[in-house]
Structure formats: structure tokens, C-alpha cells
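Peer 1: Sequence:
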Amino acid sequence: MNWGTFIKNTVAIGGILGMAFLSQQPLFASNTKNYAYSQGAANKNKMQTKLQDANTWLQDNVYAKVSAGVSGGVTKTDPAITSVKKEIENQKNNLLQNSFDTSKKIIATQILKILQVSPQDLDQCKAD
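Numbered continuously in our numbering, the sequence shown closes out at residue 138.
It should be emphasised that the hints constitute simulated quantities derived from the structure, not laboratory data.
Each hint should be verified, as a subset may be incorrect.
[As the list claims (entries may be wrong)] Derived DSS-like pairs (lysine-lysine); straight-line CA-CA distance at most 25 Å:
1. LYS75 to LYS60
2. LYS114 to LYS102
3. LYS115 to LYS102
[What the hints assert, rightly or not] Per label pair, the in silico range of CB-to-CB distance:
4. ILE117 to VAL94: 30 to 40 Å
5. PRO89 to ASP131: 48 to 58 Å
6. LEU122 to ALA30: 51 to 61 Å
7. VAL94 to THR59: 38 to 48 Å
Backbone N, C-alpha and C fix where the C-beta goes; we use that ideal spot for every residue, glycine too.
With the sequences and hints as input, model every part of the structure.
Peer 2: Now the structure itself:
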């Protein structure tokens with residue numbers, strides 16, 4: 011074992027643990043809270059102005075152009091929308107049923123494997 015590496019790692023771990031311990035002490039708590047709050051408040055104000063600028067730009071450039079190209083939109087009672095909703099519901103139900111059947115098969119094969127029973131043995135069993 012290399013003692014130099016051991017001592018160096020021990021000193022590094024001790025330093026990290028010492029910093030963690032000191033950071034939890036009441037003497038340093040007020041300084042870190044004030045610093046963190048001031049940094050957070052400054053960044054929050056900058057972020058709010060950037061978000062307002064981005065929102066203004068989107069309203070002026072993107073939303074105005076997109077809404078000008080759409081005339082009237084699509085009504086909610088359009089038959090195309092209802093047929094699409096029905097198809098989505100149908101596909102969702104099929105997915106749920108298929109995943110349930112697949113899960114059931116996987117669980118059954120795993121139980122049979124644990125019990126050391128083959129599916130052929132079950133076919134030969136007379137339940138009458």
C-alpha cells in the first residue's frame with residue numbers, strides 16, 4: 011500500500027468533511043444565505059426582463075403571423091375531429107389490451123419456470 015496516496019486521500023476527505031461541517035454552523039449560515047439570496051434576486055430580475063422581451067417578440071413576430079394564416083380555425087364539432095378522437099381511443103384500448111395480454115403471458119411463463127412445470131405438462135393434466 012502506498013502511504014503517500016493514503017495520506018493525500020485522507021487529507022482531501024478530511025478537508026471536504028470539514029467544509030461540509032463548517033457550512034452548517036450558525037456563524038456561516040447568515041453569510042451564505044445573504045449571498046445566495048442576493049445572487050438569486052439579481053438573476054431573477056434579469057430572467058424576468060428576458061422572459062418579457064421574449065414574450066413581446068413572440069407576440070409581435072410569431073403569433074401575429076400564425077394567427078393571420080388561419081382563417082376561422084376548425085370547429086369542435088367537425089366530423090374529422092370526432093373520427094380522429096374515436097380512432098385514438100380505439101388505438102389506446104388496443105394498446106392496453108395487448109400490453110395486458112403480453113404481461114399475463116410473461117408472468118405465467120415465469121411462474122411455470124419457477125414451479126419447474128412445462129406447458130406440455132399442463133395440457134396432459136385432466137381437470138375433470
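Peer 1: Hint by hint, say whether it matches the structure.
Peer 2: Hints versus structure:
no.: 1; hint: LYS75 to LYS60; verdict: holds (22 Å)
no.: 2; hint: LYS114 to LYS102; verdict: holds (18 Å)
no.: 3; hint: LYS115 to LYS102; verdict: holds (20 Å)
no.: 4; hint: ILE117 to VAL94: 30 to 40 Å; verdict: holds (35 Å)
no.: 5; hint: PRO89 to ASP131: 48 to 58 Å; verdict: holds (55 Å)
no.: 6; hint: LEU122 to ALA30: 51 to 61 Å; verdict: holds (53 Å)
no.: 7; hint: VAL94 to THR59: 38 to 48 Å; verdict: holds (42 Å)
Consistency with the previously given hints is maintained throughout, with no hint failing.
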